[in-house]
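Chains as they are written, first to last, in numbering that gives the first Met the number 0: chain A, 0 to 148; chain B, 0 to 410.
Derived by calculation from the structure, the hints in this document are not laboratory data.
Note that this is a predicted model, so its numbers are computed, not measured.
It cannot be assumed that every hint is accurate.
Pulled from the structure, derived: some chain B residues nowhere near chain A, Cβ distances all over 10 Å [claimed, not checked]:
#1 R13
#2 D350
#3 E358
Short, incomplete list of chain A residues facing chain B, as computed with Cβ under 8 Å [unchecked claim]:
#4 D2
#5 P3
#6 R4
#7 L12
#8 K23
#9 C27
#10 C38
#11 G39
#12 G62
#13 C63
#14 A64
#15 L121
#16 C127
Even glycine gets a Cβ: it sits at the ideal position worked out from N, Cα and C.
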Amino acid sequence: MTDPRELYQQVILEHNKKPRNFGKLEGCTHHAEGHNPLCGDELDLTLVIEDGVVQDIKFQGSGCAIDTASASLMTGAVKGKSVAEAEAMAEQFRGMVRGELDPATQAPLLGKLTLFSGVKDLPSRVKCAVLPWATLHAALKGEEEASTE
Amino acid sequence: MSIDLKTLDVAAIRRDFPLLSRILHGKPVVYLDSAVSGQMPVQVIDRMTKYQRDEHTNVHRGVSTLSQEATDFYEAAREKVRKFIGAGSSREIIWTRGTTEAINLVAQTFGRMNVKAGDEILLSAMEHHANIVPWQMLAQEKGATIKVIPMTDDGELVLDSLDELITERTRILGVVHVSNVLGTVNPVKEIIAHAHAKGVPVLVDGAQAVPHLAVDVQDLDADFYVFSGHKLSGPTGIGVLYGKLAHLEAMPPWHGGGSMIRSVTWEKTTYLPAPGKFEAGTPPIAAAIGLGVAIDYVTALGLDRIAAHEHELLAYATERLAAIPGLRILGNAKDKASVLSFVVEGIHAHDMGSLLDGEGVVVRAGHHCAQPIMTRFGVPATTRASFAYFNTREEVDILVSAVLKAIELFK
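Looking at chain B on its own, in the form it has when it is part of the complex:
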């Protein structure tokens, strides 16, 4: 892999991804589904394999050399995450299974502590189910209500509505940084400033943001920022909850068990400080180490170069797809990242998805775990292509040809 160039050496990068040389239905695979799950470079796979083969034991246990080694690797990965998102302390980085678990953790601890009957939880109209359902569950339990920040037909949040929507009963605001359906990059810094002016803490769902743009949680002033490893060129089963230390210290633990305690007697248990308090049980050690390597990989490529490359692909794909009669792109925000959703008149997204699959083109077809967005735009489902740093203009051309072929078949 060469990383000295001003722009990405995509041909070299592609050699790091074995899956990209697979043949699907007799065609080279065109992986345009990184928003569903990113591919891991061999560097990540090899590091995880080495850990599993030569280094594995449990972490934070005992005095063995192996345990100390594993703990060091595992904690070094936490430090990489801290640096990657600009957190002030690695104590603010909590490992979770993913974005979904991170949001559930916040809802069940911070949320339960602060939300009472009659209170309000404010979410945006473009949330993934992961940032809706945990809050609905909490609202139901507490007798609180969910309010929604609306969006325009272009897929931009109506920020003018914030003044009215944030009331003295609002206890938390949850907002997605980059929409997984529309690609919209929300002005979260501005939203957080609005909320903080009224004393409302903000959780940002960064699952689709961290792979595409540099995030600095202190600059954003986010109270909580969550994301998944597998969308960031890392493995599944690992994710991150960033929380401001003051919040984490005030929050009760969530899961109880080993690893999260200071001392246990039959009468009373005392807990570790954060992050330990929130990390009961044996964690996915290899996955955490793998995510650390994924962060090294992405950082070496440079998020600015990744963003520039993906933006060029997105602009090219948008131009080519928009020129197809009967094709409608959902999400035309001024600031978009790497995701392109569309519907074609007379062809259901699942048929489009199957037909593209037949051409080796891997996309997502469906409601993208964001049914309220489908309802908002009056469609049952969309086809979504999503771009990563290893994709090429030629692959966009293959996508466009495959779409045209499907349209021809359905004529």
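Looking at chain A on its own, in the form it has when it is part of the complex:
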């Protein structure tokens, strides 16, 4: 069993404290709200997508450090990427934190996001890490709401 303390690496703590891309985009083209009923985490994601590329993305809401850091790192990672690439990253991220993909060999798109791979050993926290990606997936699909339940 993984020690829960190992999850709280400096990068995660730092992004929790100073989340990047925090706020709401006026004039967004895509939007979704994510809820994690278990923890009460809430996430509001706004995107500007032009020519099939994520031009800008912001999030706001309240959640735990895993959720907030995941959202902060995700927004940084998908900005400038095509919608197809963002979807592929979401797919790999979900596979990784559920323990279905090996972060070293099967998640080439994730880069430093593999630092969340330890979440797979803490099933109660998987939903926290996945919420931003589930919300992104919903926004890209044109759905207004995402839930981890």
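Following the hints, put chain B in place on chain A, whose structure we already have.
Below, chain B alone, put in the same frame as chain A:
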């Protein structure tokens, strides 16, 4: 186990709980989560095992020696419950799966019988979902409304509001004896007297009360009193509904099936009197017997000594945690029992819960099945430590160190 002392011999008691010697993430487990579920002493575990190995068959069936034995053990446990909560008759003790099922039973029988369109159900602002949702379901079905007794910022019910809130349309009042989030011990005797003065029956949710304070349902004059076995050092899957016999006799049955009938023909079924009427199907026999032993165990320790010990731990933990900058305790009622909820600025309760877990400290982090309380205090979740008779001051120190370590990490 030594029980002759004026105070509890905690070191001896701890030897009765195998789980307390577990190692979690390389640290000795510090179990501060008895409000979520209590641990069972070996006496309970062994008795249940003996029943399962050597004595098991069904109860209230047939003439075999085994069936008679099982029935005797099972009914003896009911009598222990009766005595434990001061009920007048063991016919007033109904086995349920737990507190939740007991409340659903009352809502679906007594509630359905008495609540009509336009009527009111009065609940307190600090109820567990178990004492909210069954009533909302009933209210929706009947076209009734739910009204709420407010609470202060300290987590005390505003009793002055009762006169106004109890109206001629109020059909039942549901109130928690001890709040699972705030630890508040509500003055239920006083609340019941208010309600009875206006002819309103009262259901008391005693899930968090019975492990910590002596309850006498006749002294309280409660119409219904419900609790779970697993918070009382017993197993899961067993709970108790106490109801005044007059109510139980007037109530229709809930679940139909075997064990609850007097006679069945294709034309008509007649039912057993209480408690049988409410106990359809094969009950959790081992769990009932186990709860009986748990009651013996707790009674031998003495609820007054348990209360004194836990109160000292609560006071010590409150003092130490309150001294931490940025930490806020939720629930500062004058009369509290054994539960300590807190939030720390900048650290979500789930992060705190995970980090404490890493230190071997088991607490609950979340909304504690009481979301309206979270909303009332404007927090998404809290971290809750809860104390039992086997906990020690040293464990409170470990909790405090672990909290400080988490705060340091998040700096």
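message: Does G39(A) hold up as a contact with chain B if the rule is Cβ-Cβ below 8 Å?
response: Since the shortest Cβ distance to chain B is 4 Å, the answer is holds.
message: Checking hints one by one. Is D2(A) an interface residue toward chain B, by the C-beta closer than 8 Å rule?
response: D2(A) check passes; min Cβ-Cβ to chain B is 5 Å, inside 8 Å.
- prompt: For D350(B), is the shortest beta carbon distance to chain A beyond 10 Å?
  reply: violated (5 Å)
query: Does C38(A) pass the interface hint, meaning its C-beta sits closer than 8 Å to a C-beta of chain B?
result: holds (5 Å)
- request: Verify that the Cβ of E358(B) lies farther than 10 Å from every Cβ atom of chain A, and report whether the claim holds or is violated.
  value: violated (8 Å)
- prompt: Does the nearest C-beta of chain B fall within a distance shorter than 8 Å of the C-beta of P3(A)?
  reply: holds (4 Å)
- prompt: Taking the closest Cβ pair, is C27(A) under 8 Å from chain B?
  reply: Given a least distance of 25 Å, the restraint on C27(A) is violated.
task: Answer holds if the nearest beta-carbon of chain B is closer than 8 Å to that of K23(A); otherwise answer violated.
output: violated (19 Å)
query: In terms of Cβ atoms, is chain A entirely out of 10 Å range of R13(B)?
result: For R13(B), whose nearest Cβ neighbour in chain A is about 24 Å away, the distance exceeds 10 Å, so it holds.
message: Given a cut of 8 Å on the nearest C-beta pair, is the interface hint for A64(A) held or broken against chain B?
response: Status holds, d = 5 Å.
- request: Would you settle whether the hint for G62(A) is holds or violated, based on the nearest Cβ-Cβ distance to chain B being less than 8 Å?
  value: Constraint on G62(A) satisfied, holds at 7 Å.
task: Would you settle whether the hint for L121(A) is holds or violated, based on the nearest Cβ-Cβ distance to chain B being less than 8 Å?
output: holds (7 Å)
Of the numbered hints given earlier, the model fails hints 2, 3, 8, 9; all others are met.
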